[in-house]
Amino acid sequence: MIVAKRKPFEEIKNLLKGYRKVLNVGCGTCVAVCLVGGEKEVAVLNAELDMARKLEENPVEMGAITVERQCDMEYLEILDSMVDEYEALLSMACGAGIQFLAERYPAKPVLPAVDTTFLGVNQTVGWYEERCRSCSSCVLGLTGGICPVTMCAKGLYNGPCGGTNKGSCEIDKNQPCAWYQIYERLKAQNRLDCILEITPPSEWQNQIPRTVIQPGYKKQEKK
Amino acid sequence: MRLDYPSNIKIIRVPCTGKVDVMHLLGAIQKGADGVYCVGCMEGACHYNAGNLRARERVMHVQKLLEEVGIEGDRVRMYNLSSGEGPTFAAYAKEMTEHIKKLGPNPLKKWARAKNKE
Numbered sequence: 385m386i387v388a389k390r391k392p393f394e395e396i397k398n399l400l401k402g403y404r405k406v407l408n409v410g411c412g413t414c415v416a417v418c419l420v421g422g423e424k425e426v427a428v429l430n431a432e433l434d435m436a437r438k439l440e441e442n443p444v445e446m447g448a449i450t451v452e453r454q455c456d457m458e459y460l461e462i463l464d465s466m467v468d469e470y471e472a473l474l475s476m477a478c479g480a481g482i483q484f485l486a487e488r489y490p491a492k493p494v495l496p497a498v499d500t501t502f503l504g505v506n507q508t509v510g511w512y513e514e515r516c517r518s519c520s521s522c523v524l525g526l527t528g529g530i531c532p533v534t535m536c537a538k539g540l541y542n543g544p545c546g547g548t549n550k551g552s553c554e555i556d557k558n559q560p561c562a563w564y565q566i567y568e569r570l571k572a573q574n575r576l577d578c579i580l581e582i583t584p585p586s587e588w589q590n591q592i593p594r595t596v597i598q599p600g601y602k603k604q605e606k607k
Numbered sequence: 053m054r055l056d057y058p059s060n061i062k063i064i065r066v067p068c069t070g071k072v073d074v075m076h077l078l079g080a081i082q083k084g085a086d087g088v089y090c091v092g093c094m095e096g097a098c099h100y101n102a103g104n105l106r107a108r109e110r111v112m113h114v115q116k117l118l119e120e121v122g123i124e125g126d127r128v129r130m131y132n133l134s135s136g137e138g139p140t141f142a143a144y145a146k147e148m149t150e151h152i153k154k155l156g157p158n159p160l161k162k163w164a165r166a167k168n169k170e
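Those protein sequences? They're chains R and Z, same order as listed.
For the first sequence, counting from 1, position 65 maps to 449 in our numbering; every step adds exactly one.
For the second sequence, counting from 1, position 80 maps to 132 in our numbering; every step adds exactly one.
Bear in mind the hints are in silico, worked out from the structure with no lab data behind them.
Treat the hints with care, as some may be off.
[Unchecked claim] Below 27 Å or equal to it, Euclidean Cα-Cα: the simulated DSS-like pairs (lysine-lysine) are:
#1 R:Lys602 to R:Lys557
#2 Z:Lys167 to R:Lys401
#3 R:Lys424 to Z:Lys154
#4 R:Lys405 to Z:Lys62
#5 R:Lys401 to R:Lys389
#6 R:Lys397 to Z:Lys162
#7 R:Lys492 to R:Lys401
#8 R:Lys401 to Z:Lys153
#9 R:Lys397 to Z:Lys62
#10 R:Lys438 to R:Lys405
#11 Z:Lys62 to R:Lys401
#12 Z:Lys161 to R:Lys401
#13 Z:Lys146 to R:Lys424
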């Protein structure tokens, strides 16, 4: 799941300075699950903005809608009949959703209300931890299901480095060494030969925007 | 017991304070209420285990949100008592009323009044 956190209220308020009618668009998928940009969070942010602007004697009219997913054009369609009424759009989706919204309505200012943070897991309600950096070359099969790119401070494909210190990382005693954990897990699984395999350096495909077309599909004309 | 408590207090009954949502508290202030307080069971005595503890977390969260907005967070409070404590309920009602009177009216009241006239 994509995990985000809400921008500081002052920052959102500043982004909206000068607009008097704004549509706040929530997203019902990842950011709703991590409690930052779903229907409820849209209502709370709108209430805050409404109160803050009234206190400044400069009221803003906030519209609210939460779509199933902002990263899917078919779910944005519902907004077509609404956006013209508004001076700007505020999006509580992840960075991908915000950009897709801006792409669909290029004439409207689209403003972010959250900071997209990582791909992570849900430890319990409200507690999320990063697990994947979308490096495009997964080595979890060799590393006992522990990602060295995410969990190692240096993101080493081949480790550990000289900074491993009795299970901790050199950057902090409380930060476990990912490669120590990988070693322990592989040892328990009797698969220590995996750690000897050398993984070639990443081509850092993540420096340009990537595209995935699944087998059986092809690039189609954009609607 | 026929106890007196201030008549300005409007009671909204919920099955458990765990039902009280951030938007219930925030919405009350947004609509012009001078203050809102939650009265839950004693901590550690919730029939649903953690309803009143969740309510306290939410009250504290709303306090922070209100401070961000520019309204005194202390307009929203959490109290705990057991269901047999009628006099304590009345005492808390009095305490909250006096506390809110000290803070003065909700600055958003005029906007709420204007909306009511519409």
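Hints versus structure:
| no. | hint | result |
| --- | --- | --- |
| 1 | R:Lys602 to R:Lys557 | violated, 49 Å |
| 2 | Z:Lys167 to R:Lys401 | holds, 23 Å |
| 3 | R:Lys424 to Z:Lys154 | violated, 32 Å |
| 4 | R:Lys405 to Z:Lys62 | violated, 33 Å |
| 5 | R:Lys401 to R:Lys389 | holds, 21 Å |
| 6 | R:Lys397 to Z:Lys162 | holds, 22 Å |
| 7 | R:Lys492 to R:Lys401 | holds, 15 Å |
| 8 | R:Lys401 to Z:Lys153 | violated, 33 Å |
| 9 | R:Lys397 to Z:Lys62 | violated, 33 Å |
| 10 | R:Lys438 to R:Lys405 | holds, 13 Å |
| 11 | Z:Lys62 to R:Lys401 | violated, 36 Å |
| 12 | Z:Lys161 to R:Lys401 | holds, 23 Å |
| 13 | Z:Lys146 to R:Lys424 | violated, 33 Å |
Violated hints for the displayed structure, listed by number in ascending order: 1, 3, 4, 8, 9, 11, 13.
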